[in-house]
Amino acid sequence: MAAKKERDPNTIVVNPKHNPTVAALLSIIPGLGQAYNKRFIKGAALFILFAAFVIAAVDFMSNGLQGLITLGEVPREDDSRVFLSNGIISLILLTFFIAFYVLNIQDALKDAKRIQLGWQVPNIREGFKNAWDTGFPYLLVGPGLLLLVFVVIFPLMFMVFLAFTNYNLYNAPPRNLLEWVGFQNFINLFTISEWRNTFINVLSWTLIWTFVATTLQIALALFLATIVNDPRIKFKKLIRTVFILPWAVPAFTTIIIFSALFNDNFGAINTGIIQPIFGTGIPWLTDATWTRIAIIMIQVWLGFPFVYALFTGVLQSISADWYEAADIDGASRIQKFRHITFPHVMFATAPLLIMQYSFNFNNFNIIYLFNQGGPAVRGQTAGGSDILISWIYGLTFENQQFNMAAAISIILGLLVASFAFFQFRRSRSFKEEGTF
Amino acid sequence: MAAKTKKPLDRKLVNRLELIGSYSVIAIMFVIILYPLAWALGISLNTGTGVYGASIIPDNITFEHYAWLFTDPRSNYLLWYRNTLIVAFSVTIIATFMIALTAYAFSRYRFKGRKNGLYAFLLLQMFPVLMAMVAIYILLNTVNLLDSLLGLIIIYVGGAIPMNAFLVKGYFDTIPRELDESAKIDGAGHFRIFFQIMLPLAKPILAVVALFNFMAPFMDFILPRIVLRSPENFTLALGLFNFVNDQFANNFTRFAAGAILIAVPIALVYLFLQRYLISGLTSGATKG
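Protein sequence lines, in the order shown, are assigned to chains A and B.
Just remember that the working numbering sits 1177 ahead of the position in the first sequence, which is counted from 1.
Just remember that the working numbering sits 254 ahead of the position in the second sequence, which is counted from 1.
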């Protein structure tokens, strides 16, 4: 509001002696600018807060930032991981500090400009009330933000930093010190043939898996929803309940059950169906291609019910007028499906369907629980059915190649982020958001 | 319809054939869906711990594996149940409250950093917590919360915020602003408006969020696997996974019994509340 008034040519400068620049410059020491604006209590509070923060944190922060550069100097005594995490915490604190510092200067500048235009400094009571009103949303967000910083943002940053170190099985703290290696891990990933081949294999399988499994899931759901939605079909409630069961039963139990059913030697699918018909069993768990086929089938089993439930809801809401009009025009059943049912269903559920794709892209559970990413493939660290996220898990907890795992995580993160950006820019909520 | 021009008898026949086709597709799906579940139930009633001799229709039905889970001194099943309940209740209460606070701020207040905060939430909910597992492990290790339920609870709560805050914010947005504005004119403070007007109105979505958060610890095994080390701290999902992880075939009947015992209550909850759960998920994605 102050800015608007200032641009107004009719505004009369009431206090020409009160200089906003001086207020801003004085705020280099937090609180002084506010004191210049005659808001002494606010100024004092700010000064004390900043002074307390600086006294308490300056040692930790300077040590932390220094440690972030050196990653420890005395082998066997300094733990590089501690240095790294202290360094990241220091960075986070520094960011907060700078943000508040800038806000403090802006605040002094804004108040000074308003005073120049004849604004009366509110008394203490009003001042408190204003502070409470503007500060309230921050109070609400604060606890969540704090938790978010330490549980989500800190770990993600840690991972990003790890990608630029040489932290692996042979060079692991606290025995050894870590060193910064720049982009070496990424260069290795793309130039050393074993890494490159593995990466290409895993990435292409991840994309195929995401596309095929999710599309089949949606296609089956659409097919079943259309069949069951037919008015001639009875027992709809029972059918719906059974169809939703795979969604309702916890996935980790069903995946383990399936991995027993698909077992090469004793699994019921081999002993009960395949062997009697074809004479020999199928190596579901020892051949990569068969494992992939099995995993896709299981995911379709697990994933179609939710989409089915969505589609059924949409189908019931399509007005009968559409179909009646089509009947009058003599449209065939396929035409009605293509031009009425399909567009309606897809339009209403598109964002949710896209979420199904992104869910499967990172669907760790099914890959890991079914065959632990296996079967093992010679000459690479990823198994035959590993997708990116399960490969990262394997690299981290089985091969202890932390640096490579982190580098691949970053690539995965970039893929996810660009996808998310693309999708959310189109989403309705952000367009509506702009109207406020 | 294609049958329109044909004789009435033909139409009846076509009609019947179509219905037979539809019903047989549905019947096949019933078999595909129910067989694995029935198989697990059958296996859990077999004698012996191995899966080799076990069959879906056991010769003599026994509940010994269920009894073993509860009574055998080597079984930690009840302990795991207790742990899971502790985690689930704590996460539900803390996370739902924090999510409501955050969502309320983003829905009703215009403050500096709001827009960027929304973008950050959207982005963060796309990243699986799993991606940062190394760091979570090391972080919990340095603050001595590794192998403790508290560490697990904190991670769950933190991970739940970006995801669900958006869902609840979308719901808050649909509540007319006139309600809280008139309350403000009547002199109600920020907290009063939040607790006495907004929270009661948002009950349906909060119930959905609470339910999701309550269910998560029952079904997630990977985060507990990273955080928890000693068997007496395990949650149900992790404990059951370890049953089959060590010697897959040799503990399978016990695993099946334990799995049935958690699958049945969870499946019942889902089946009874499916409409609410699905509408909750749907509104989050389209309106949020």
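Keep in mind that a hint or two might mislead.
Said to hold, decoys possible - In silico lysine-lysine, DSBU-like type, Cα no more than 35 Å apart, as pairs:
| hint | chain 1 | residue 1 | chain 2 | residue 2 |
| --- | --- | --- | --- | --- |
| 1 | B | K366 | A | K1194 |
| 2 | B | K457 | A | K1414 |
| 3 | A | K1287 | B | K457 |
| 4 | A | K1194 | A | K1290 |
I should point out that these hints are in silico values taken from the structure, not numbers from a laboratory.
Owing to the predicted nature of the structure, the values given are computational and were not obtained by experimental measurement.
Query raised in the report: Does B:K457 lie within 35 Å of A:K1287 when you go C-alpha to C-alpha?
Result: violated, 41 Å
**Report entry** Hinted pair B:K457 and A:K1414, Cα distance within 35 Å
**Finding:** With Cα atoms ~27 Å apart, B:K457 and A:K1414 stay inside 35 Å; holds.
Requested in this report: For the pair we were handed, B:K366 and A:K1194, check the Cα-Cα distance against 35 Å.
Outcome: holds, 30 Å
Query raised in the report: Does A:K1194 pair with A:K1290 here, judged by a C-alpha cut-off of 35 Å?
Result: holds, 11 Å
Checked against the numbered hints above, the structure breaks only hint 3 and satisfies the rest.
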